[in-house]
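A.B. asks: Chain by chain, the residues:
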Amino acid sequence: MSFIKDVLRILVDGGILIEKEYEIRMILACLLVRGHALIEGVPGVAKTYMAKSIARLLDLNFRRIQMTPDLLPTDIIGFYVYDQKSGEFRLRKGPIFTNVLLVDEINRASPRTQSALLEAMQERQVTIEGVTYRLEEPFIVLATQNPIEMEGVFPLPEAQVDRFLIKLVTGYVTHIGFVKMLKSVREIENAVESLKPVISRQQLLEEMARVEDVKMDDSILDYIASIVEETRRHPAVRLGGSPRAGIAILKLSKAWAYIEGRYYVIPDDVKAVAKPALIHRIIMKPEYEIQQISSERVVEDVLAKIKVPTP
Amino acid sequence: MKGGTVIGIMVAIALLTTVPHIYSQEIMRHTPNFPYSEGISIDDLMNNMGILSILNRLANRSIDYSEAIEALERIGALDRETAHRLAAIYNATDSEILNMIGNEQLSELIERFKEGNLSIDELKSIIQYIDHIYGLGVLDTIDYIALLNMISNLYSERGVDIPIDISSKVYRAFNKLLTTNNPLARETSQSVANISKAGVAIPSAFLNIPQVPLLPSTNIFISLNAMVVITIAILSIVLAIVFRDRIAILLNRLYRAISGSVYKASSRGLKGDKLDPIAVYWSAVRIMERLSKIKRNWYTTHREYLDMVNRIEDKMVYSMFVRLTQLYELYRFGFRKDRSIVDEAIKVYNSMVERYGGH
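Sequence order for the protein chains is A and B. Using my numbering, read the first sequence as starting at 1 and increasing by one per residue. Using my numbering, read the second sequence as starting at 1001 and increasing by one per residue.
Think of the hints as simulated: they come from the structure by calculation, not from any bench. A virtual CB, placed ideally from N, CA and C, is assigned to each residue, including glycine. A hint or two may mislead.
What the hints assert, rightly or not - Here's a subset of chain B near chain A, in silico, CB distances under 7 Å, partners left out:
| no. | residue |
| --- | --- |
| 1 | LEU1106 |
| 2 | TRP1298 |
| 3 | TYR1299 |
Please put together the full structure from these sequences, using the hints given.
C.D. replies: In structure tokens:
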């Protein structure tokens, strides 16, 4: 797990990604448990840099897709083209054949394209002309959404949003962080391009296997179940967390504990991951939405209500 | 134990008496400042909008009364019987209405007016009489609407404009019949000034839907309950003042008994085999609660609590508590049941008690 420290040292302490430690940790946790992340943030908050730097440091391939309404599923997964020289059809693989895929503005793509992508994310394989191709491990999709623009977008249906293990809401840096960033724009750009891997792909896969061995006391399982169930009973919630939400918290808690250097989960890990694991799975009642009460607020409320495992 | 202490005790008794009662009447709040509201459901809101829409169309004369009544019945704002009775009113003749009411005095007055023996001003007295008997409960709301409707016709027959107050009375009575449970409907409708059989225009204020209230208002029953509680509290304070000396003695004894038990428990030492880092940790938490005055809540994790108490003055005790928290974590969640952890936890705890005792 020392690679986590190296990643944080280079990206956070090295000033490449300023004030993004939580986001980096969360993306790493998501990667370690084979999940995908939905990142919501206004343009220009280092979403691409974050994805690219993590991919470089972990020796992973990185691709980026800018979603547009006219993008077709084949533009993502690939298609066969006729090769006149050989007289045969040759596969042209789409950008999904990578390790870290940054999908910019996922809600700009048509529902058909979104579905194709989300299916591939879920199955970790794609089928082109009847032939199934497995995607190389590790595979993580970091999809971004702009929370401001609502015109010309196709919001993801709840069932599809549920397929993202986490939703990260990332915002602007503080004034001090902003000044620090402005001071070293050039250095940051150069540093991202010259990043060297701190771990090999094979080692990363081994680390991922170790995360599964992180131990969890039964009382923690009970705590997770109580949190998810409470989201369903909350007066402001129309649709609470699904069993998949509970599984997401469980997996992420293990990864979070592992990142923190432990082989066992404590209630703090559950609390740390509950918000990103739940906020996109909770549907609020309209009367509360009108009052601008967010699902983040509900999760905070639930965490403040559920008893942590004792004694 | 005199003077200020006695007053303090009395205030405490008063608070202990009142707070649980008042708290039990509060709507359950999850976290402080969580804007919990009963909220008006979208179904209620839609139902309300339906009523408003029907009344608006009636005012715009795009539908007549019978259609409006039918529509209100269809959306459940009027029950079937009321709707039928209302429909009957608007098809009934004056004599049929008077027969239905069965008030001879009223019938005679109306006859006299019809014959031209009474003036328009005297008709106002008849309206007052109708209001009076309606207020007494002699007339039900539908009878009242029927009579007001008939009076409106009498004004029209004389070629005089129908007074606005009759239209308002008709509207208010009509509105009473709407069987919606949504308080919003009633609040909204009260802002509407005029409506009559002839379809006086309804102001656009009709569609001004009030905002969803953030917190429900206290109802009369809660207020009465609170009054009872306050009375009990006042009585307690009076009794506390009267028996202040005895109470002071009793409390002093109670305090000594509790502090004695606590001392015995903490000075007993933790050496038994049954003890483990979990029991030790929770005993240490009690000590930290006393030292820091910060209580560990049920939703606070052990690490969060450690952060909360890091400002205590005695850094030695704090460092011991840090170690106990680590050992608790390893033992409780880390599946480390080694004897060494148990021994170390007991040792650290005993040092902590020793140090705390010398405080």
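A.B. asks: Please go over all the hints and tell whether each is borne out by the structure.
C.D. replies: To see whether the hints hold, each was checked on the structure:
At a threshold of 7 Å, the smallest CB-CB gap from LEU1106 (chain B) to chain A is about 48 Å, leaving the interface hint violated. With 7 Å as the threshold, the beta carbon of TRP1298 (chain B) comes within range of chain A, its nearest partner Cβ sitting at about 4 Å, so the hint holds. Because the closest C-beta pair between TYR1299 (chain B) and chain A is about 5 Å apart, less than 7 Å, the hint holds.
Taken one by one, the earlier hints fail for this structure only at number 1.
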